[in-house]
Every structure is written in structure tokens, then in C-alpha cells.
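J.: So the chains spell out like this:
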Amino acid sequence: MTDTIVALQHLSRHFGDTAALLGVTLSIPRGGVFGLVGENGAGKTTLIKHLLGLYKADVGSVTVFGMDPVRDPAAVLGRIGYLAEDRDLPDWMRVHELMRYTKAFYPRWDDRFAEELLQTFDLRRDQKIRTLSRGQRARAGLLIALAHRPELLILDEPSSGLDPGARQDILAAIVRTIADEGRTVLLSSHLLHEVQRVADQVMMLHRGRLVWNEPLDSLLTRHHVITLHWPEAVAVHPVLPGALWWSGEGTEWTCMCDGEWTRLKEAAAAAGATIMEQRPPSLEEVFLARTKIANLPEAQS
Amino acid sequence: MTTRTVGWAVSWEYWRRGTMWFVPAVAGLAILCTTLLYSALLWRTGLRYADLRHELDDGLAAFVVLPAVVLAIASWTASRRNYTLPVSTPVLVAWTLLNGSLASATLYAIVAIVLSLLLGADWPLLVPACWAATSYALLQSLVWWVGRSRGLLVLLVGLFVGLVAPFILDQLRIHLRQLDGDLVRMAPNVPGGMLTVLVPAWLISYLVSVNGVARDRRGDGWTLDWLAQAWKTVCDWGGLLLRAKAAPPAPPLDQEGTGEVQAVAATYDTDRVPCAEPAQTTRPKRKFRSPQSAQFWLEWRAKGRMVPLSVMVCLAWLWIWFSIATLQPSDVDAAWGGLSGIMIVLAPLVGLHLGADSGQFNRRPFSTTRPLSDGDQAFAVLKNVALVVGGCTAIWLLGLAVTYTVMWPDHGAWQKIQQAWAEGPGNFCSDYALPFAYFVLFVWTLCALGASLALARGWLVALVGLGVPLLLTVVLWIASQGGPLIETLLVATVGSAFQCAAVILFAVARVLRLISTRTIVACLAGYVVLVVSVPTALGLGSSAVERSLALGLCAAPFIPLAAAPCALYWNRHR
Chain A
2 MTDTIVALQH LSRHFGDTAA LLGVTLSIPR GGVFGLVGEN GAGKTTLIKH LLGLYKADVG
62 SVTVFGMDPV RDPAAVLGRI GYLAEDRDLP DWMRVHELMR YTKAFYPRWD DRFAEELLQT
122 FDLRRDQKIR TLSRGQRARA GLLIALAHRP ELLILDEPSS GLDPGARQDI LAAIVRTIAD
182 EGRTVLLSSH LLHEVQRVAD QVMMLHRGRL VWNEPLDSLL TRHHVITLHW PEAVAVHPVL
242 PGALWWSGEG TEWTCMCDGE WTRLKEAAAA AGATIMEQRP PSLEEVFLAR TKIANLPEAQ
302 S
Chain B
614 MTTRTVGWAV SWEYWRRGTM WFVPAVAGLA ILCTTLLYSA LLWRTGLRYA DLRHELDDGL
674 AAFVVLPAVV LAIASWTASR RNYTLPVSTP VLVAWTLLNG SLASATLYAI VAIVLSLLLG
734 ADWPLLVPAC WAATSYALLQ SLVWWVGRSR GLLVLLVGLF VGLVAPFILD QLRIHLRQLD
794 GDLVRMAPNV PGGMLTVLVP AWLISYLVSV NGVARDRRGD GWTLDWLAQA WKTVCDWGGL
854 LLRAKAAPPA PPLDQEGTGE VQAVAATYDT DRVPCAEPAQ TTRPKRKFRS PQSAQFWLEW
914 RAKGRMVPLS VMVCLAWLWI WFSIATLQPS DVDAAWGGLS GIMIVLAPLV GLHLGADSGQ
974 FNRRPFSTTR PLSDGDQAFA VLKNVALVVG GCTAIWLLGL AVTYTVMWPD HGAWQKIQQA
1034 WAEGPGNFCS DYALPFAYFV LFVWTLCALG ASLALARGWL VALVGLGVPL LLTVVLWIAS
1094 QGGPLIETLL VATVGSAFQC AAVILFAVAR VLRLISTRTI VACLAGYVVL VVSVPTALGL
1154 GSSAVERSLA LGLCAAPFIP LAAAPCALYW NRHR
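Just so you know, the sequences run in chain order A and B. Note that the first sequence covers residues 2 to 302 in our numbering. Note that the second sequence covers residues 614 to 1187 in our numbering.
Heads up, some of the hints might be wrong.
Partial list, computed: chain B residues near chain A (C-beta under 7 Å) [to be verified]:
(1) P904
(2) A907
(3) A947
(4) P978
(5) S986
Calculated cross-link-like contacts (lysine-lysine; reagent style DSSO-like; alpha-carbon spacing at most 30 Å) [claimed, not checked]:
(6) K104/A with K996/B
(7) K900/B with K129/A
(8) K104/A with K129/A
(9) K104/A with K57/A
(10) K996/B with K900/B
(11) K996/B with K57/A
(12) K104/A with K900/B
(13) K996/B with K129/A
(14) K293/A with K266/A
Calculated from the model, a selection of chain B residues having no Cβ within reach of chain A, i.e. all distances over 12 Å [stated by the list, open to error]:
(15) W910
(16) L1013
(17) W1027
(18) A1035
(19) P1148
The set of hints was computed from the structure by calculation and includes no laboratory data. Positions of the beta carbon are idealized from the N, C-alpha and C atoms, including for glycine.
The following block holds chain B by itself, in its conformation from the complex:
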């Protein structure tokens, strides 16, 4: 078999096993979220379209890093299926990295082109695509290098998002500042200086990947043995040097082993990484209160806790970056804004992760055979989503507060918040707490809809990922072509669609006995509260169309409560 054949075979397998669907699906979701976010921003601020176009440039960074994160995590264990192929590790890694880099660049390019068409983002293509490809290679090499350790994976992804990604963003910003005018921005040239960073970074990633994959292929785990060995060598060399300086007489080798021999042996023993002896004793644990609490525990332990932990690690690395870099408050604002944007764009993807069953969209026998009703299983997933959204929000807010309190106490925005707090809870609530609560509700809706989608059958995820952005593009195109009447009709249709979806899903869930009357009543009460408060908060007019849209948007956060049980019922009982 020649290298070319191997390369084609590995490439074919890489794209055919799902990447060819995964890339457009992720791009579609990212475009959808950005468009929704951007539309919400336009709507909320009341500014004109042209005034907010520059805001989109902050999102460029997110779409350079997003492909790397998504593709590297998706390929975490995928290369293992090729370990038994008669292909050397360097060849296997080279082709997988090449294809992954291509997928990453393609993912960025799709998003950039579509957003340029839809929203006039006018992002450059080639340079950020090259950065996206290199970011993927860097992160993939880290992910492969840590092997099977999830803890290290979280740490390294956090390191990447918190430390490497800001560096890449910084480089991109410098590059964009150097370019003048739209024509130059779209020019297909990569500066030579940038190549001196990109090419070595890709090569280093390749070498690190080969090392990690080769170790994993041998079946060896990730250990600190090599560090202990290196430390021992350094100590030995240090000892030799010291002895050479002092030149003491060599002690006789004592037969009893009471002198240096024993000391060296003791040092050696302490340097050695001890064999992991599994502990035999366990703490007595509390019983679960109910099957529902056991299921929630499973969801949280298996998938949920990783998300706030990743946010926490990301925050820690961000602080390190803030501490070592010389930054202006505007840069910090941009970093916070960019990372918050990444989180929103990632919300549906996180939802997909929380709804999936051990990385699969089709439910596995272990979870489907738990003696728990479909409604209870779906609510355990949604409860997990709520906890994750709440936890991440709390961590992010705390991080924001600590950053500004400790590092930039004189920052204008921070002082405004403090002033609002000092003026009394009424002002603070109306100016900050309520808008923030709506924002959290928005994130919950995206995340919970993603989880509900993941509870349904696998093919639906790809279909929605591709279909909804397509539908949105068509709708926006029609809106741009038609006059105000068409626009009004479309807005009314969107509002009605949300309301109809909510009514139908709740009715189906009730008929199938997936949702209790108490839950329906609670949802209705919540809906009424939102209907009363949201139009005022968002400054909506009293026209029928705006009312219809407001009613639809207020229904959206409750849709997952009916959609998730229905999706699970459909997936569990085939």
C-alpha cells in the first residue's frame, strides 16, 4: 500500500465517519446563534443595522477558536479506531491532522461567508482560516497528548481557550489593523511573518501528536514517570557536579547497607512513581432520595459538572493572561465580550452534549432500561441543564466581579454598576438584574433546546443543524426582497410558530402522559409573568405584530419542558 493510498483511505474515513455532516451542522448552529444574538441586540438597543456592524468583528475571534475546540474534542478518541490499521503513527497522525485542519478552516470559512452574506460581516477569509487550522492542530495535539485523562483534558482545553486563544485573537487584531480597506482585507495573501509562527506551530503540534498517539497506541497511560526520570537525571548531574567541586573521599561500600547506599535507595524509592494500589475502603454514601435524584446525579456526574469546571479553568487561565499582559480596560472589555459571545454560541452545543447519552444521540440500553418514566428521565436532563447554566453564570459573574474589583477598580462600567447598587435595589434591578435575568433565560432556552434536540434521534440533529439556518437564510432573503408588509408577516409568523410549537408540544406531552398537570400550570404561570414583564422591558410597542412576537418569544423558554420528554419518548420507544 503506498502512502498516497493510505492518505486517501484515512481521509475518506475521516470525512465519511461524520465530519462531512458535522462541519456544516456546527457551522449552521453557530450561524443561527449569531444571527439570533445579533438580531436580539439590534432589537434591544434600537440601533440601526449599520451602527452595529462593527460589533460583529468581535465575533470573528470566536469563530476562529470554535472550530478548533469543537473538532479537537470530537476527535478525542476517534483516532483509536485506526490503531489496528497497518499504518505507521506518523503517517496516521499527519493525515488526520491535515484533514482536521482542513475541516477547521472550512468550518470558519462557511461561517465567515454566510455571515458576510447575511449580516455583512465582511470578515477576511484566508488569514483567520489559517489561524483556525493551526489552532485546531495545537489543541488536537494537546488533546491527544493527554490520552485518556478527562481531568487533564479539561485543564488543557481551559488553557487553550484562556491563554492560547487570546494570543491568537491578539495576533488577528494586529493583522486586521495593518490592513486598510475592504479590498485588501479580502486579498488572498498571508503575511510572511505570520507564516513563521503558523508553520512551526503546526509542526510542533504534529510532533506532540505523534508522541501522544504513539503512546496511546502502545496502550501506555499518561504518567509523570518521564518527569520523575528527568528530575532524577537532573539531580544526578547536580550531585556529580557538587561532588566534583568538593571532591570528598568516596565512602566505602558498606556491606550492611547503613550508609549512602541506603540513603540513595531511599531517595530512589521516594522518586519512583508508586504503583497505584486501589483503595479497598470506601466512604459510606448516602442513599438517593428517589430514582429521579439518582438519575439527576448520573446526568450531573457524567456530563454536567465538566461544563462549569471548564469555565472555571478557563477563567483561571484568563486571569493569568490578564496578569502577565499589559492590557487596557478596553481590551479587557473586548476579551470579556468575546468570551461571553463564545459561551452563547456554544450554548446549544453544550446543550447537545448534556442531552446526548455517552456521546451518542441514540440512547444506549443502560439508560433506556432504567425503570423511570420518559418524563422523569427528560426532566433529569433539563434539571442538569438548569444547574449548568446557573453554575456557569454564577462563576462567570464572580469572575467578572473579581477581575474588575481586583485589577481594574476604576473601570467606568464597573463604577456604574456600583453606583446603581448604591442607589438602591430598584434601580439596580431595572438596569442590571432584570436584563441579566432575561439574558440567562435566553441562554437557558438555547441550551435546553439543544439538549431536547439531542434527546431525539441522531439524524434529527444533523437535519436541524442544516435545515434551520437554511430556513433562516430563506426567511431573511424574503424579508430583504419584500416590502414592510412581507417583513410584518414574517415577524408575525415567527411569533405564531413559537406559540403553536409550544401548544402542540405541551398537548402531545400531556396526551402521552409525559408531563404532569402541575408542571403545565407552573409553566403557564411563568409564561404569564413573562408576557407581562418582557414587552415592557424590551420596549415593545402595542401593535398586533409586536405583541404576537412577544407572546412567541415568551413561550420559547418553556418549549424545552415539553419538547424534551416528547423527544425522549420518540427516541426511547422506537
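This is chain A alone, in the form it adopts within the complex:
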């Protein structure tokens, strides 16, 4: 059994003139939660669809569990649990019919776990899918994605449009899934505080390119939000190594920096400033700073 369950090599995909993915090389090892973040249109769903075999690579290769998902969809999809962004379920089915139907495809379907999830999610067996609320549909989708204990769980925007209760259920399900040894979760989400709560590793796509792929801890450790104080008002903030953004005015300025803490301290002292406060940033702050920089005209050129 291979330790790398997903391997993308120089994956590129174009839709007409628009580049959805550009030379993405990525490998996801077995075990852990991987957060996939990016702006709208960054290529997250396109990447997920390549993993599911719904898109063929223009350039490069995709292997999941060592197989090509386009050549062998049944074998690959049989080991994946997938919750689609649009909660696409057959409206005419009842919940128990959905479970019975889905069970047929997965030999490892766990009836007891399914029943447990049914109760946890407060779904009734006789309810028709079309009568379910958005949150209940998400729970029903999650139920069928989880009940066969997939080796890879792919959640595409699982929390969008959901109330805190439903979001909590989804997060709990992720935690539950990773509690099973060797399971992997790929979570694509706009809600970065949720990604930060559960992810071990974060990947950021920006305009089709993979701009980060590193463990969350190391990402947050090497970024700092610092508040600097000058004895006299300064009109323009100084240049600090690794500074990503600045805010403030007069004598007090706040900046986010990417770099070694001791070097930053020395640079601040050299600029005549005192460090008033230092704290680690949230993932959302890092994301916003990075996106802002990536969207600057000079960065694009």
C-alpha cells in the first residue's frame, strides 16, 4: 500500500483561454487533514474534479491511490467519500432509499456507523430529500460520504450557507474521520477559521497556481503580527524584511511579517521603533495578506 494517496504532476487545465490550473505539482500523504484554500475561481473545485476523474488533465498527470481516476473510476471512487458543493442529491429519494442505494456501491459500508450518523444528524429515514433544508441536505450528503469509511474524504465547501449547528456537525465528522487510523481528509473551504481548526496542512491556490503547500503550524509560526511604536509620527512606514502588509498612522503601525522573529526585532530596532505587541496571525490574516500581494500588478507581471 502506497503512502502517497494523491499525486499530481505538472497538472494544467484550460477552459478556452482561461487557465484554471497551471503546472500544479502536489502530493498528499496518507493520514491527516489537508485544507485547500483560495479565492473564488482559484481552481479548487477544478483540482477536486481532477481527483474524482471528472476532468482529464490537459497537461500532466493525476494519480489517486496509484491509479488514474479517468481510466479506473470505479476503483478510485470506491475508496473516496465526496461531499459536493451544491449538495447534489436525487430529490425524489427518501433518506433510507439514499442509504440503501449508496450502500450497494461500497462493500465496506458500515450499517451501525450509518445509523449512528443518522441519529447524530437528526435525520428521519422516511424524509424525502426534496423536503430537507440546506443543512439537512449537507448532513445527508455527509452521511453517505462517511458511512463507508472512505480512505480519502473530499469535502468541497462543506460549510457554505450552513448554520453553526450544521457546521459543527461537519467539523465533528472530520475529527471523527481522522480519528480512524490512516484516513485522509481534503477540505476545500472559504471559512478559514474552520480550516485552521482542523487542518494539519494547508495548500493555497491562486489563479490556478499552487502558491503554498506547507504544514499549518509552520505557516503560522513563521508569520507574525507586530505593532510598532515610534517616538514621533512617521508619514510612511519603514521597509521591514518580510513585511506583507501595513496598517496604522502617526506613531503606531501594525504589520504582518513573514520571517524569523529575531531578524524582525533587529530590523524594527534599526528603524527606531519599539515593538508594542507581537502575536501569531490567524490563517485568515495570512491568506488575506498573501492574496493582496499576489493580486498586486507587479506580482502578476
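Fit chain B to the supplied structure of chain A, relying on the hints for placement.
T.: Below, chain B alone, put in the same frame as chain A:
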């Protein structure tokens, strides 16, 4: 925003969201099927072209009803996207109905004009177009009025096809009988008497539509509350009248509630439509034998079973019509012939419905992410098509048998069938069973090709709907212009095209591992059986051209078995 602007906006949205492609595509498919059917009929009977021209007139009825059915079902839920517009329901409904009526009339007109050019159908334009527009309005109002209930939708479409459509056909036939000569038939005038039927029918449709759409816009479902209320009012009035006649002393209001108060309360409770309490208990269901059987179940439950059910309901309404109307056996023959014709013309459209995924041609994530190979998913669709064709055929045959046995046992055609049966299975098989089996195979081919097309990407459906009739028109035009040599070449090309398509599709499917060797062998065996039996049954000569055509036609029923997996592969993995 003025009414004119709203009207233009709603009209623009109506045509732009797909009707402008849908109308010619449906017309194209209908023309294609009619031409194929007509050509097959000419070929089968060996009659001359001119001898069969009058047969086309039976098809006129089908093309007046077809636009109504297709457009009304296609617009079943489409108006919901406009509910949030700041437009009043009467205005919204009026413009949608107007545009739909125009689309329906246009659809009929396209078919009538093209078939007149191609086959010399010489159908009148204006009067049937008006009937097509009104039929659409009638059916659309019924469809909107039932709201979201699929069961009622099936019932009402069945009612329309079985009861209203024959009435319209009858009216058309009367109208055509009154007209003498081709010049008068094409004259652009609508009889005044007919207007007194059409205009009120359209207005009633409008009022019913406004009621249905307004209710749906409020978010209310279709219930029988209003019926219960009406019944209660009638009972109350009846009770009052009876009491006024008998004039009994009014009973004292008892404090304990043991007298009439309790009885009235009990009556009230029984009259009320109870709130639907969802049942908590479920029957334990069997497990599916395999993923393939689960997928087949999904196809059948989601799309398949509606089709034989609709045929059954249509049949039930037809019997009611047969029972209440004074009909001659020739009228019954015409009705059966017309409705059978509708079914054949509808076969590719039914195929499109069976192949589409929840009403969409582009596959949705739920079905594409099932862990099932492309071949297995496509075969589940084809199995569903086979069951639908088989089921509808069985129901239709049963209906035919019951109609003639119960209502017209002395009918000549029915007695001939009984006589053939009495003479022995050999005669019966050669005279009736085999031709009928070929006919079913023909319907299967149309339906399965439609399903295979729907499994491919959405734009291909429109392209084929428009392109194939165009190609056919060009081919027929070339055939009519050229001499026998050109005609021979074209026939040989058609035969070779079918054979080449079959070989290429099977080869592609095999290379992509979408089809098993066992299936290919079974198809080959079936093909050999057809090649041996079909030319004899159809009375084909031994010339190379006729042989080539026969070989091509025999390959056609097997093409979907390779085309469907290839189409799904192409659609699923983009």
C-alpha cells in the same frame, strides 16, 4: 418599469433560455422520425409514393398535440426562476403563455412546412397552428395548476393526450372535411365558429394558470383543502335547508359537550384534511444484489417508470373516450394509428428523457461520482430503455387487445388476427409476431439512440437535432435531383454509414475498456440473426446496394450498445 418592458424582458428570457434552440431541435427530431417512418412504410409496403400520401394526414394530429406536450412539460418548473421578479403573476403568466403559444404554433408550422416540402404533406398552416397554440395553453395551465405533484402531472398529461387531444383531432378532421381543394386548405382564414372555442379555451387556460402560479409563488402546495371546504359549505347549506324544512326546536347548548356540539366537532374533525405526519416506520428493504442493480433501480425509479405509467393513464382516458363517444371502427383504427404514430415520434424524445440526468444533459456530480465504470452506468441506462420500450409495448398491446375484445369484437382486423392465431403459431409468427418484433426493434433503436445522445454533452443534442434533419433534407434533395445512379449511391452510403458507425463505436468502446468481449460477441450473434432474417422479412432483393442497406439497418439496433458507453465516457471525464 412599464408593461411593455416587462413583456419584452420576459419574452427575451423565455426564448433565450433555450426555447430558440429547443423548438427547431424538437421539430428536427420529429421530422426525422416521420421521414424515417414514412420511408420505412413505403419500403415495407412496396407501394408508390403517391399511394401513401394520404397516410400522412393521420400524422397531422400528432404534430398539433406534440408541441403542446413537449413545451408544457419543458416549462413545468421554468417559470419559478421568474418568481422573484417584481412582476405581478397575471402579467408573468400572460407573457409566458403568449410566448409558449407562439412557440407551439411555430413548432407545428416548421414541421408542416418542412414535411410539405419533403414529403408533400400539404398540411394547412393556420388552423392547426391555432389549435397547437391553444392546446399548449390548455396543457400548460393544467401543468402549472398541479404545482409540484408528479403523480398529478402524469394523470393530467394522460388526460390531455387521451381525452382532450382526440377532441382536438376530431375538430380538426371536421374542419378539414369542410374544406375542398388544396387552395382553400392553405387559405389563411380561421372559421368564426372555431374562434368561439379557441378564444374562451385560451382565456380559461390563462385564469387557471394565474391561479396555479399564484399558489406556487406563495409557496403553497396543491391540496384538496378547497374541496373539503367546498364540501363542508355544501353540507352546511344542505343542513340549513333541511332544518328550515323540518324546523325542529334548537337543542340547548349543553355545557358538557355531549350533544350536537360534539357531533359537529367530530364531523368537522373528519372533514379537515389532516396534517401530514411523516411515518416513522419503514419496511425493511432488500439489499441490492450489485452496484449495477442499484444503478438500474435509480434509473427506473427516477425516469423509467413514469413512461409506462403515462401510457397506462393515456390508455385509461382513451377507453373513457371510446365509451362515451359514438365511434365507427374506422375512427378507432385512426385513433390507434395516430396514437401509435405519436409514440414512435416521441420515442427519441423519450430516449432523451431516459438518458438525461435529472433533466440535464451534462451529468451531475451525484451520478458521475458513483463508483461504477462508465460501461456499467451506460448499460443501466440502456437496460432502463429496454424495460420502458418493452413495458410500453406490452401495455399498448394489452390495451389494443382489450379494446377490440370488449368493444369491437367483430372488427375485421381483429378477426384476422384471431384467425391467424387459430391457424397455428407458424402463420401467426410470420404474419404478425415477426413484423411486430421488427417494429419494437425499430422503436428500441430510436429510443436507445436518443438515450445515447442524451448521455453525451448537452450541445451535441441541439447539434444533432438541427444537423441531422438538415443533412437528410440535403440528401433527399440530391436524390430527387439526380438520376437512379445518385439514388443508388446514396442508399449504399446510408447502409455503409451505419456499418462504419457501428464498427468505429465498438472499436472505440473496446479500446477504452467500456464494453466487454462477451457483449461484443452477443451483439455479433444478434447481428448475424438479423442479417439472415431481416432481408427475407422485408423482401429485399439480392443486389449489392440492397444488401448493403440491409447490413447497415441490421447494425443500427446494436449501435446504442457501443454509443452509450462512449458518450458517457466523453461526458463524464471532461
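J.: A separate judgement is required for each hint: does it hold in the structure or not?
T.: Here's how the hints hold up against the structure:
Proximity of P904/B to chain A holds as hinted, the smallest CB-CB distance being about 5 Å (cut-off 7 Å). The beta carbon of A907/B comes within 3 Å of a beta carbon in chain A, closer than 7 Å, and the hint placing it at the interface holds. For the restraint placing A947/B at the interface with chain A, the shortest Cβ-Cβ distance is roughly 38 Å, beyond the 7 Å limit, so the hint is violated. A distance limit of 7 Å between C-beta atoms decides the matter here; for P978/B the minimum to chain A is near 4 Å, and the interface restraint holds.
Restraint check, S986/B versus chain A: the minimum CB separation of about 5 Å is within 7 Å; hint holds. The straight-line distance between the Cα atoms of K104/A and K996/B is roughly 21 Å, inside the 30 Å bound, and the hint therefore holds. As the CA atoms of K900/B and K129/A are separated by approximately 20 Å, the hinted pair is consistent with the 30 Å bound. Between K104/A and K129/A the alpha-carbon distance is near 18 Å, which keeps this suggested pair within the 30 Å criterion.
Taking the CA atoms of K104/A and K57/A, the gap is about 28 Å. The hint holds against a cut of 30 Å. A distance of roughly 20 Å separates the Cα atoms of K996/B and K900/B; the hinted pair therefore holds under the 30 Å criterion. Using a Cα cut-off of 30 Å, the hinted pair K996/B and K57/A holds, with the two alpha carbons roughly 28 Å apart. Simply put, K104/A and K900/B have alpha-carbon atoms about 8 Å apart, close enough for the 30 Å limit, and the pair holds.
At roughly 26 Å between alpha-carbon atoms, K996/B and K129/A fall within 30 Å of each other, so this suggested pair holds. Restraint check for K293/A and K266/A: satisfied, since their Cα atoms lie roughly 24 Å apart, inside the 30 Å limit. A beta-carbon of chain A is positioned within 12 Å of the beta-carbon of W910/B; the least distance is around 7 Å. Non-interface status of L1013/B relative to chain A is upheld: no Cβ of that chain comes within 12 Å, the nearest being about 32 Å off.
The beta carbon of W1027/B is kept farther than 12 Å from every beta carbon of chain A, the shortest such distance being approximately 40 Å. At the 12 Å boundary, the C-beta of A1035/B stays outside the reach of chain A, the nearest C-beta of that chain being 47 Å off. Listed as outside the interface, P1148/B is consistent with that label: its C-beta sits roughly 41 Å from the nearest C-beta of chain A, beyond the 12 Å cut-off.
Figure legend: structure checked against the earlier numbered hints; hints not met, in rising order: 3 and 15.
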